[in-house]
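Novice: Here are the chains, one letter per residue:
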Amino acid sequence: MNSKKTEKIAFFVLFLATLLIILPVGLVVCIIIQKGFPAMTWQFLTDIPRQGMRAGGIFPALVGTIYIVFGAILFALPIGLGAAIYLSEYTKEHFLNRLIKLAIVNLAGVPSVVYGLFGFAFFVIFFKFGASILSGSLTLAIMILPIIITASREALESVPYSFREVSYSLGASKWQTIRHIVLGNAIPGILTGTILGVGRAAGETAPILFTVAAFYLPQLPKTIFDQAMALPYHLYVISTQVPNVDEKIRYGTALVLLILVFFMNLVAIVIRTQFRKKKKW
Amino acid sequence: MQKFKEFIIEKLILISGLASIFFVILIFLFLLKEGLALFKFVNPGQFLFGKNWYPISEPAQLEILPLILGSLLVTLGAAVISIPIGVGCAIFIAEVSPPSIKEILKAGIELLAAIPSVVLGFIGMVTLVPWVKNIFQLPTGLTAVSGSIMLAFMAMPTIVSIAEDALYSVPKSYKEGALALGSTKWQAIYRVLLPAASSGIFAAVMLGLGRVIGETMAVMMITGNAAVIPKSILQPVRTLTATIAAEMGEAVVGSEHYFALFAIGIVLFVVSFMINVTADLFLHRKKI
Chain A
1 MNSKKTEKIA
11 FFVLFLATLL
21 IILPVGLVVC
31 IIIQKGFPAM
41 TWQFLTDIPR
51 QGMRAGGIFP
61 ALVGTIYIVF
71 GAILFALPIG
81 LGAAIYLSEY
91 TKEHFLNRLI
101 KLAIVNLAGV
111 PSVVYGLFGF
121 AFFVIFFKFG
131 ASILSGSLTL
141 AIMILPIIIT
151 ASREALESVP
161 YSFREVSYSL
171 GASKWQTIRH
181 IVLGNAIPGI
191 LTGTILGVGR
201 AAGETAPILF
211 TVAAFYLPQL
221 PKTIFDQAMA
231 LPYHLYVIST
241 QVPNVDEKIR
251 YGTALVLLIL
261 VFFMNLVAIV
271 IRTQFRKKKK
281 W
Chain B
1001 MQKFKEFIIE
1011 KLILISGLAS
1021 IFFVILIFLF
1031 LLKEGLALFK
1041 FVNPGQFLFG
1051 KNWYPISEPA
1061 QLEILPLILG
1071 SLLVTLGAAV
1081 ISIPIGVGCA
1091 IFIAEVSPPS
1101 IKEILKAGIE
1111 LLAAIPSVVL
1121 GFIGMVTLVP
1131 WVKNIFQLPT
1141 GLTAVSGSIM
1151 LAFMAMPTIV
1161 SIAEDALYSV
1171 PKSYKEGALA
1181 LGSTKWQAIY
1191 RVLLPAASSG
1201 IFAAVMLGLG
1211 RVIGETMAVM
1221 MITGNAAVIP
1231 KSILQPVRTL
1241 TATIAAEMGE
1251 AVVGSEHYFA
1261 LFAIGIVLFV
1271 VSFMINVTAD
1281 LFLHRKKI
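Chains as they are written, first to last, in my numbering: chain A, 1 to 281; chain B, 1001 to 1288.
Mixed in with the good hints, there may be bad ones.
Computed cross-link-like contacts, BS3-like style, restricted to lysine-lysine with a CA-CA straight-line distance of at most 30 Å [what the hints assert, rightly or not]: (1) B:Lys1185 / B:Lys1172; (2) A:Lys101 / B:Lys1172; (3) B:Lys1051 / B:Lys1033; (4) A:Lys8 / B:Lys1185; (5) B:Lys1185 / A:Lys4; (6) B:Lys1133 / B:Lys1231; (7) B:Lys1175 / A:Lys5; (8) A:Lys4 / B:Lys1175; (9) A:Lys278 / A:Lys174.
Hints in this document: simulated from the structure, not taken from any laboratory.
Since the structure is predicted, the reported quantities are computational estimates derived from the model, not experimental observations.
Based on the provided sequences and hints, a complete structural model is requested.
Specialist: Structure representation (structure tokens):
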């Protein structure tokens, strides 16, 4: 067999491998949209679940997820941004830098259910927050920390060094330079990381299983010490725990969750591409 | 005043910087605190290598070999599927595909990475599980093989994106050198690029499989959750992660069962720690 022919066959096989990933993804998204779309009514989004979650809507789960995710960002963004600033602007000791990066990699690799265990032992039991929005948000915050740190650090490091030098030469202090020059130019990148973190937090189930998620709770949570329903857990419940739930409701819930997560990713991608186009350097 | 303000801010930034290290240690300490209590009741060898997981029988039997084997079997299956397809896709995106579809393909991969695992689990339940049942003529489609297929898809985005990065970071001159010597594009990829990127690709595979071992929801929904030693991939199995997720809600705080679930958490933490450290070493290997 000559080498040209081998090349053709090899490239065809590689193409097939790519199709084997892309096609199922497309198929999954299409199925969910096609079967979930009929459930998409205003009532579905704004009504509480009725008849043992076999009818009605998903409003408490939707609101619960928004609360939990908002709380997670509230905790994760300041710490994540601080860590990113430290790694990109302050760190000098190579060893400590390496150690922090290794910790971030490991934090990103800890299985989500282990976060759930930790959140339960630490926030729910040790700090006596109980199963609550506070516990769930804190648990998710630690989980999305690596995403925010990594994206923000990249954004900060991509600001050219000359910007900083100009600022110093004008007599600005280190913090003034970071605050007014570096951060300003890194905001799109930081925003991208934050939104990706939101998307990740919104879709996770295992970390909230024992820290906040309520099986069924028709009223909305009033304080951060209340339990709340959450969209991913609700999908798990109606597809495995409750028998005879109408297919439409299951697909509808899956679709809402998918839209929520994809929307976040889309916004992140749009910001990123806009930013790259407008880059001044 | 200005000086003092900056001092405070710089200390706050230092604290944030150290937060990741602090959290990793904190997670491990709390797992140890709750998990090690188990070994007052069960010896570690028996816990790891005993065959019976009956947490609510009297007395409870807490031995996790069936769960370890369940996790290994599902992971092995996912590896067999995801490694060739994922690496193949990475090569295609990095070297073969025309630039115009390259971005679309990458977006498709990112899309897959973004789908929440509970949604994939749900889709697996309603599509994959009945197919597996019909194709293999089984009493149930909730089997290890269904889990492996689903998990392969969850590992692929990691494998593809990191392997693609590794291929991309091989200096252009390597390939150009090979092409100048008269090799075809494929020969250059196969003989030059792949060996040069091998440590990055290895790290990609490790991280992909790390994701598989730690995956919880999809696995819990489609592997059938039978805590017995699996004899074939066409049987229901139960993984370490699914056991924690399924039983934590019922375990009484402070009971042997509760401690055992944290001990499983220690096992998962240690395994993922080793995987991540190894992958990191391979990723940061000194470039030639």
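Novice: All hints, please: hold or fail.
Specialist: A quick look at each hint next to the structure:
{"no.": "1", "hint": "B:Lys1185 / B:Lys1172", "in the structure": "holds, 13 Å"}
{"no.": "2", "hint": "A:Lys101 / B:Lys1172", "in the structure": "holds, 28 Å"}
{"no.": "3", "hint": "B:Lys1051 / B:Lys1033", "in the structure": "holds, 25 Å"}
{"no.": "4", "hint": "A:Lys8 / B:Lys1185", "in the structure": "holds, 10 Å"}
{"no.": "5", "hint": "B:Lys1185 / A:Lys4", "in the structure": "holds, 9 Å"}
{"no.": "6", "hint": "B:Lys1133 / B:Lys1231", "in the structure": "holds, 17 Å"}
{"no.": "7", "hint": "B:Lys1175 / A:Lys5", "in the structure": "holds, 20 Å"}
{"no.": "8", "hint": "A:Lys4 / B:Lys1175", "in the structure": "holds, 17 Å"}
{"no.": "9", "hint": "A:Lys278 / A:Lys174", "in the structure": "holds, 26 Å"}
Violated hints for the displayed structure: none, as all numbered hints are satisfied.
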